[in-house]
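Visitor: Line by line, the protein sequences are chains Y and B.
The numbers in the numbering used here rise by one with no breaks, and the one at position 208 of the first sequence is 627.
The numbers in the numbering used here rise by one with no breaks, and the one at position 273 of the second sequence is 396.
If you are wondering where the hints come from, they were derived from the structure by calculation, not from laboratory data.
The beta carbon of each residue, even a glycine, is placed where N, CA and C say it ideally should be.
You may find that some hints are simply not true.
[What the hints assert, rightly or not] Over 12 Å on every C-beta distance to chain B, these chain Y residues come out as not near it, computed from the model:
| hint | residue |
| --- | --- |
| 1 | Asn425 |
| 2 | Arg441 |
| 3 | Trp465 |
| 4 | Tyr486 |
| 5 | Val492 |
| 6 | Tyr529 |
| 7 | Thr555 |
| 8 | Ala569 |
| 9 | Ala572 |
| 10 | Arg576 |
| 11 | Glu602 |
| 12 | Gly604 |
| 13 | Gly625 |
| 14 | Pro631 |
| 15 | Met640 |
| 16 | Arg729 |
[Claimed, not checked] Listed next, the stretches of chain B that the computed footprint assigns to chain Y, with coverage defined by at least 3 CB atoms under 8 Å from CB atoms of chain Y:
| hint | segment |
| --- | --- |
| 17 | 226-236 |
| 18 | 320-328 |
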Amino acid sequence: MPIQFNYGMDQEYWDWSPIVKRPVLHWPNGAKLAVCLLVDLGHYEWKPPAGAFDPPTHTPPHSMNPYPDYVTVTHREYGHRIGIFRMMEVFDRYRVRATVPMDAYTADNYPILVEECRRRGWEIIGHGVTQRQAITSLMSEAQEREYVEASIAALRRATGAAPAGWLGPEHSQSTRTPAILAEMGIRYCCDFPNDEQPYRIHTLNGELYALPCMIEIGDTMGHYNRKLPLQRWVQMVKETFDVMHADAAETGLLLAFRLHPWCVGQPYRIKYLEDIVGHMTRREDVWIATGSEIIDWYRTQPHASFRPERPAVQGEPL
Amino acid sequence: MRHIPLDRRIGYLPLNNRPRIQWPGNARVAFWVIPNVEHYEYVPAAGTGRQQVAHGNPDFPAPNIPVNVRRDYGSRVGFWRMLRVLDRHNIRCTVNINLAVLDHFPEERDAMVERNWDFCCHGVYNTRAEPKGLTVEQQRAFVQDSIACVKRTTGKQLKGFNVLSRATEELPDILAEHGIIYHADYFHDDQPTPINVTQGKLVSIPYGAEINDSVMTQRNRPWEADTFFEMAKDAFDRLYQEGAENGMVLCLPLHPWCSGYPYRINHLDRILDYVMSHDGVWQATADDIAEYYIANYYDEAVACIARIETSQRQLLAGRQR
């Protein structure tokens, strides 16, 4: 059988689109680089309910210890009690607002955290039910709908409004997830770690965009799990910012990445967060914004409706 | 099919007793750069999937967003950022191509064809296991189809394969049968070496297992691109020194979803800057190196391997007496 394939992606949610072939993207007020800081408030439960999909990253030997895992569960709880307040102090000082993926358990059980986020103008977005119950293709469609609904309903109860954004626990998805999110009113999804600009996700109902997150430079993946020395991780994040800022002279770029209060909120790490935030706020042509602010702007731009054309046929079947 | 047993594929050639290679222009080091231009399927076809484990994210049931969709960054963004750096240093690459990319992403294909890169077959998708698991006849068809696919989409003649863990016992014989001249799945040497095949001539071109940017994405490698620069520089320095006596090969395998990130790109630039600033570097493709080696050293190396085998047998016989 000849080895031959169709043009474009092997799925229909997003188009194949090399960055160099897209129209120039402009951010508001002449900014070159948009930055979105995702501060995760996710809950790690002692024991997920039977049948839940605990991501493989959470099970031995990858991360968590056998039940009952006092070490990991309480270490994560540190974020909700201590780490987040240290982060808030840094963000307040630099007048930067975060986008907070918050799971249903946190929204239902930590109303103080919800208030602290809201009064700072931080944006709360969907983050599943708990971090040890992820989305998976192993779920039925009905189970997945129920799951997304429960995540959204908890945030509506907590904040009075449904969230506009979404980040699945461990970026987990089934093949149905983008369609279900769009149908349930989610406007942007941070799961896709594959670009430096937002892009449109095609679904039958609703209007969904990808707000791509650079998963590799987050505090857990870039430093904690990988055991890259802390200072080297900080350098990696700053270098990312500097190179993207320079590249953004040609077209607007987006840098979104994840931070975890239980990780970067530790006493010996918090000054490095300050180092990073200080570095990013030093320039004037950088727009540090929430996910909704970025997507609300983006959807009005010609970039958002651009669909690449298949290039002139060359070297096609003889 | 009769095939050469695996332990007879590569004859022993000790560093201190082998033909002296002189590269074109009297270069000390043949330097080949091999970007792996890949695609990981959104949902890998059933039964063909290879397990992909990247740091922090072992397998999820498909779609595996943090692992497979993350690789998509390479084609959308990373490839183009890498291309600018490669162009700045006038590097003519050998691309390790997942064949499906040639049809899926013609802009990438055209950029590579415009630059006159050479093509090495890296399977169909990185999420598929063939030729492993195929019968001998199916493997033959696979090699023929790979050659036809590269010809159809790029106009180029395919001359090499790098399929690593997807290689089979019979593969080298089948490659040689079909006019493939190099097989880059071996890590046993810093020079090309003959590969023993049932017919024709096939050589190994050294690939990079450790000097390989993808190593940085592995969970147990807690270092970054500045260290990678040091590794590549140190490797080059040593090979350059030894290359004054006997020409060596330095391979630089790259991945757009590794080196194309903003936090790694400048370190790639430094590696290329360093290597290309030396006289006596032959920046070549694997096709160039294999052809040159076959034309000038293959027969000599085969004869040398035979002599060494004889002398090893004599040493063993002496031990038994």
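Visitor: Can you name, in rising order, the numbers of the hints this structure does not satisfy?
Guide: Failing hints, ascending: 1, 2, 7, 14, 15, 16 and 18.
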